[in-house]
Amino acid sequence: DAKTTQPNSMESNEEEPVHLPCNHSTISGTDYIHWYRQLPSQGPEYVIHGLTSNVNNRMASLAIAEDRKSSTLILHRATLRDAAVYYCILRDVAGTASKLTFGTGTRLQVTL
Amino acid sequence: GAGVSQSPSNKVTEKGKDVELRCDPISGHTALYWYRQSLGQGLEFLIYFQGNSAPDKSGLPSDRFSAERTGGSVSTLTIQRTQQEDSAVYLCASSFKGGGGKLFFGSGTQLSVL
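Which chain is which? The protein sequence lines are L and A, in order.
Per my numbering, the first sequence starts with residue 1, numbered consecutively.
Per my numbering, the second sequence starts with residue 1, numbered consecutively.
Derived from the structure by calculation, the hints contain no laboratory data.
Check before you lean on any hint, since a few could be wrong.
To be verified - Below, a list of computed lysine to any residue pairs in the SDA-like style, where the Cα atoms sit at most 20 Å apart: (1) K97/A with V47/L; (2) K102/A with S61/L; (3) K3/L with Q37/A; (4) K102/A with T72/L; (5) K57/A with T101/L; (6) K102/A with T52/L; (7) K102/A with G29/L; (8) K102/A with V74/A; (9) K102/A with Q42/L; (10) K102/A with S9/L; (11) K102/A with D31/L; (12) K3/L with F45/A; (13) K102/A with T101/L; (14) K102/A with A2/A; (15) K97/A with E66/L; (16) K3/L with D56/A; (17) K102/A with L80/L; (18) K57/A with S41/L; (19) K102/A with R77/L; (20) K97/A with A63/L; (21) K102/A with D24/A; (22) K97/A with G29/L; (23) K11/A with S41/L; (24) K102/A with I74/L; (25) K102/A with A63/L.
Keep in mind the model is a prediction, meaning the values are calculated, not measured.
Can you make the complete structure from the sequences, with help from the hints?
Written out as structure tokens, the structure is:
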């Protein structure tokens, strides 16, 4: 499985933008880049995904490097409710890959 | 249902007892995953079902763990002769096949083995 590397933790002030990096140097051409987040005492929830082009949705933006070996999840204005563990994973185009590896993710702390 | 449903939400059992954890995936989702998350840790893959294909059991930690998926829908994870190290949150997720496969997770079952 292609692996991802993320910083263990990051801090942000409320209402500031947050850029969460993810390295995936062994990504294959058929892998989507997915981001999930896990709020305290909850199951992970989907945030955003993309293949090659940058993506925007109501929760966040995803910036994908031209060589696709890294990506950045962007929260435009962090709130206290965004404090969570953020996971970057790779998912094949067919959606059939087994053994999806989540890693330890980035724990985001948001302060007033 | 609107989302992935797991039951029970909490289970306390005595060491040596068997437990069954249930997952109801979103209707129509062909893929189903089980993960385990110990306190303060990341998600540990356990088993994966995709349609009628043979499941990928490579993440099951021992032969005390087994899972089945009946009729391509509901799945049951069984842990026999539970041990204290089995205490964790057991999470189920489902997805469509194709299109990058967005995963939908349940809220998990908190298992405590005394």
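For each hint, the structure was consulted:
| no. | hint | in the structure |
| --- | --- | --- |
| 1 | K97/A with V47/L | 18 Å, holds |
| 2 | K102/A with S61/L | 16 Å, holds |
| 3 | K3/L with Q37/A | 19 Å, holds |
| 4 | K102/A with T72/L | 18 Å, holds |
| 5 | K57/A with T101/L | 14 Å, holds |
| 6 | K102/A with T52/L | 16 Å, holds |
| 7 | K102/A with G29/L | 18 Å, holds |
| 8 | K102/A with V74/A | 19 Å, holds |
| 9 | K102/A with Q42/L | 17 Å, holds |
| 10 | K102/A with S9/L | 25 Å, violated |
| 11 | K102/A with D31/L | 13 Å, holds |
| 12 | K3/L with F45/A | 14 Å, holds |
| 13 | K102/A with T101/L | 14 Å, holds |
| 14 | K102/A with A2/A | 15 Å, holds |
| 15 | K97/A with E66/L | 27 Å, violated |
| 16 | K3/L with D56/A | 19 Å, holds |
| 17 | K102/A with L80/L | 25 Å, violated |
| 18 | K57/A with S41/L | 26 Å, violated |
| 19 | K102/A with R77/L | 24 Å, violated |
| 20 | K97/A with A63/L | 25 Å, violated |
| 21 | K102/A with D24/A | 17 Å, holds |
| 22 | K97/A with G29/L | 18 Å, holds |
| 23 | K11/A with S41/L | 15 Å, holds |
| 24 | K102/A with I74/L | 19 Å, holds |
| 25 | K102/A with A63/L | 18 Å, holds |
Checked against the numbered hints above, the structure violates hints 10, 15, 17, 18, 19, 20; every other hint is satisfied.
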